[in-house]
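So the chains spell out like this:
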Amino acid sequence: MADGGATSMIMLVTALIISSISSVVLINSWAGIADVMDEQGRKAEADSATKVSLAGDTMNVGYVTGSKTITLYFQNSGTNTLDSDSADMGIYVAGEAVSIASTTVVSGVADWYEGELLKVVGTHAGAANANDDEVMISLTVRSLPINGVIGSDTLNEVVRLDV
Amino acid sequence: MGASVGIGALIVGTSLLTIFALASAAIDLQVDEALERIEETGDNSVPSFAVNDASNDVNAVAEVTFASGTGSGYAVDDIISTGSVASLSFVSGGADYSDNAGTGNLVWDTGGVCSTDPTGTYTVSTEAFEFTALAATGLDGKYFTYSSPSTNYYVWFDVDDNDADPNPGGTGIEVDLSSGQSDSSTATSIANEIDDLGSAVDSGAGATRTITLDSAGAATDVASGTSGFTVSVPLGSEGGDMLSATLTSGGNGCTGTPTVDGDGGTGSSLTLVMHSSFGFSAKVKTIDGSGGITAVEMVSAGQGHTSTPNIFAATGSGGSGASLTAVIDNVLTWNMTNNGQETLEFTHIWFALDGAEPKQLSASTYTIWDFPKHDYLFPGETVMVSYDLNSATPSVIAASCMGGQSSRAVT
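Taken in order, these protein sequences are the chains called A and B.
For the first sequence, our numbering gives the first residue as 610, with consecutive numbering after it.
For the second sequence, our numbering gives the first residue as 608, with consecutive numbering after it.
There may be inaccurate statements among the hints.
Listed next, with one range per pair, are the computed distances between beta-carbon atoms [what the hints assert, rightly or not]: (1) Ala902/B <-> Val767/A: 42 to 48 Å; (2) Ser676/A <-> Ser930/B: 31 to 37 Å; (3) Thr674/A <-> Ala963/B: 32 to 38 Å; (4) Asp771/A <-> Ser696/B: 41 to 47 Å; (5) Glu743/A <-> Ala902/B: 45 to 51 Å; (6) Glu766/A <-> Asp895/B: 31 to 37 Å; (7) Val718/A <-> Ser1002/B: 28 to 34 Å; (8) Val767/A <-> Ser930/B: 50 to 56 Å.
One side of the interface only, derived from the structure: several residues of chain A facing chain B at Cβ under 10 Å [stated by the list, open to error]: (9) Ser617; (10) Ser632; (11) Thr667; (12) Gly699; (13) Tyr701; (14) Ala703.
Calculated pairs, DSBU-like style, for lysine-lysine (alpha carbon to alpha carbon, straight line, at most 35 Å) [stated by the list, open to error]: (15) Lys966/B <-> Lys652/A; (16) Lys728/A <-> Lys749/B; (17) Lys966/B <-> Lys892/B; (18) Lys966/B <-> Lys890/B; (19) Lys677/A <-> Lys749/B; (20) Lys652/A <-> Lys728/A; (21) Lys677/A <-> Lys728/A.
The hints are simulated quantities; they were obtained by calculation from the structure and are not laboratory data.
Note that the Cβ used here is the ideal one computed from N, Cα and C, for glycine as well.
Required output: the full structure, derived from the provided sequences and hints.
Here's what the structure looks like:
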């Protein structure tokens, strides 16, 4: 009987240990999944609050054929403040990379806040365009970090050039 | 021993289940929050709005400034209008006008229509007449008559200094003659006396002379009286015909079109064009403690002002003394409707003219205009925007707001 009790105790303790370890592993796994989902959620939230749109007269976008200089206006149409540093954005005109010469917040405020316009002047690589050419503008911007999370947005729109 | 083990196992197992349940609930909550965040990111709606119309009101009143003095006694919302005469056109002259006591000032009958009457001048013709004299013999005590605009004259002849004044009425001009003077000599004597005393000058030679009055205006025509002379007023030599009219000042405070004419005559045709017909309207926005106007709010710019109109603040509230000046420019007026489901913030709306740098719609920027009174444009709401173009004449306006865009040709 005494042997039987000891055996039962050993089996019981063994079962408890195995189940505890299994629980810990399971909980850790779930926690890992939850953390990833949480991180993705925050990134998605930041991306959602990071929006940029084309502003101004898209039928008459200022363009200089000789220097391949284009002047574009973008509005921060999200709620996050966007990064107006030319090094942190990418622009393409008809697939050709634009070298940004200047970025200016039109209203003169310090940062590219919600609703504000950013004037971007730059020159693109590749062949020059002509008056009334309709070209695809691609822009990628990112927000200033909030709680360490940076949102981003990409815009693709056709504009008509006005030389 | 077996019972003790069973009870111990039950306690430990229950504890483990409780811990597991708590951990699981915490993880579920974290997952729910993450899923909620991801779901919220699905809202990517873009504002929807439309520029309904856009017009360039050329030569409109773009601004109202204070020339000097803000007056006193005014009330908020007192109407400010042009209310003045923009131009005067002379169509036809009529007859029998005086020169208005030498001033040539037009006579305005505003009947209370204008708080300050317009002013202007006109010109009238000067009468001239001809007479053909006879030889002196036989002219004893005879006379003929003529008039200046202010005096009736009779010219009588004293031959050989032995005739009496016939005194037919009026101011007599005695012409001393001698028997035997020829008709042309008689004419010279008469002309000299009229030159000296008759408010007129003569011209011509021989027996027939032309007498032109010194003063313009209507005058009673020459009559031969008892002289037997041939007298006449040549065609086109009547006095008192209005020849021209000119607007000097448009006045102000006119709530209707006044009438205008020369003095004394009839039949002229003068056409007035009022500034107020061009649609300008503004109102007193703020006043100081004494009712002096401190700010003006534009309601309608009007258009088509060919000259700067006089403007005034209504005196209905007892106000007076404000001196306002209109600034004429081209004004862009456009209406925008929020036809989406989202409320738009005015400061998020930008508009570009012919591809130029966009301008921000801001209540603080356009305080002089009767728009916008609020910070937001709600779904279904329409706002009218007026913008001083200076002398620009854009052909396209493009508005953008948070991803939404609308363009319209400027008419």
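Status of the hints after comparison with the structure:
The hint said 42 to 48 Å for the Cβ distance between Ala902/B and Val767/A, and at roughly 45 Å that hint holds. Distance hint check: the CB atoms of Ser676/A and Ser930/B are about 52 Å apart, inconsistent with the given range 31 to 37 Å. Checked against the given bound of 32 to 38 Å, the beta carbons of Thr674/A and Ala963/B, roughly 19 Å apart, lie outside it. In this structure, Asp771/A and Ser696/B meet the distance hint of 41 to 47 Å, their C-beta atoms being roughly 45 Å apart.
The hint said 45 to 51 Å for the Cβ distance between Glu743/A and Ala902/B, and at roughly 47 Å that hint holds. Judged by the Cβ atoms, the range 31 to 37 Å given for Glu766/A and Asp895/B is violated: they are separated by roughly 52 Å. For Val718/A paired with Ser1002/B, a C-beta distance near 30 Å keeps the hint of 28 to 34 Å intact. In this structure the supplied range 50 to 56 Å holds for Val767/A paired with Ser930/B, their Cβ-Cβ distance being about 54 Å.
The closest approach between the C-beta of Ser617/A and any C-beta of chain B is roughly 6 Å, which is under the 10 Å cut-off, so the hint is satisfied. The beta carbon of Ser632/A is positioned within 10 Å of a beta carbon in chain B (closest approach about 5 Å), and the interface hint is therefore held. Taking 10 Å as the C-beta contact cut-off toward chain B, the hint placing Thr667/A at the interface holds, the least distance being around 7 Å. The beta carbon of Gly699/A is not positioned within 10 Å of any beta carbon in chain B (closest approach about 19 Å), and the interface hint is therefore violated.
Taking 10 Å as the C-beta contact cut-off toward chain B, the hint placing Tyr701/A at the interface is violated, the least distance being around 19 Å. For Ala703/A, the shortest C-beta to C-beta distance to chain B is roughly 18 Å, which exceeds 10 Å, and the interface hint is violated. For a cut-off of 35 Å, the pair hint linking Lys966/B to Lys652/A stands: about 33 Å separates their Cα positions. Among the hinted pairs, Lys728/A with Lys749/B is inconsistent with the structure: their alpha-carbon atoms are about 99 Å apart, more than 35 Å.
With a C-alpha separation of about 25 Å, the suggested pair Lys966/B and Lys892/B falls inside the 35 Å cut-off, and the hint holds. In summary, the hint linking Lys966/B to Lys890/B is supported, as the alpha carbons are separated by about 26 Å, within the 35 Å threshold. As the CA atoms of Lys677/A and Lys749/B are separated by approximately 102 Å, the hinted pair breaks the 35 Å bound. Note on Lys652/A and Lys728/A: the hinted pairing holds, with a Cα-Cα distance of about 27 Å set against a maximum of 35 Å.
As the CA atoms of Lys677/A and Lys728/A are separated by approximately 16 Å, the hinted pair is consistent with the 35 Å bound.
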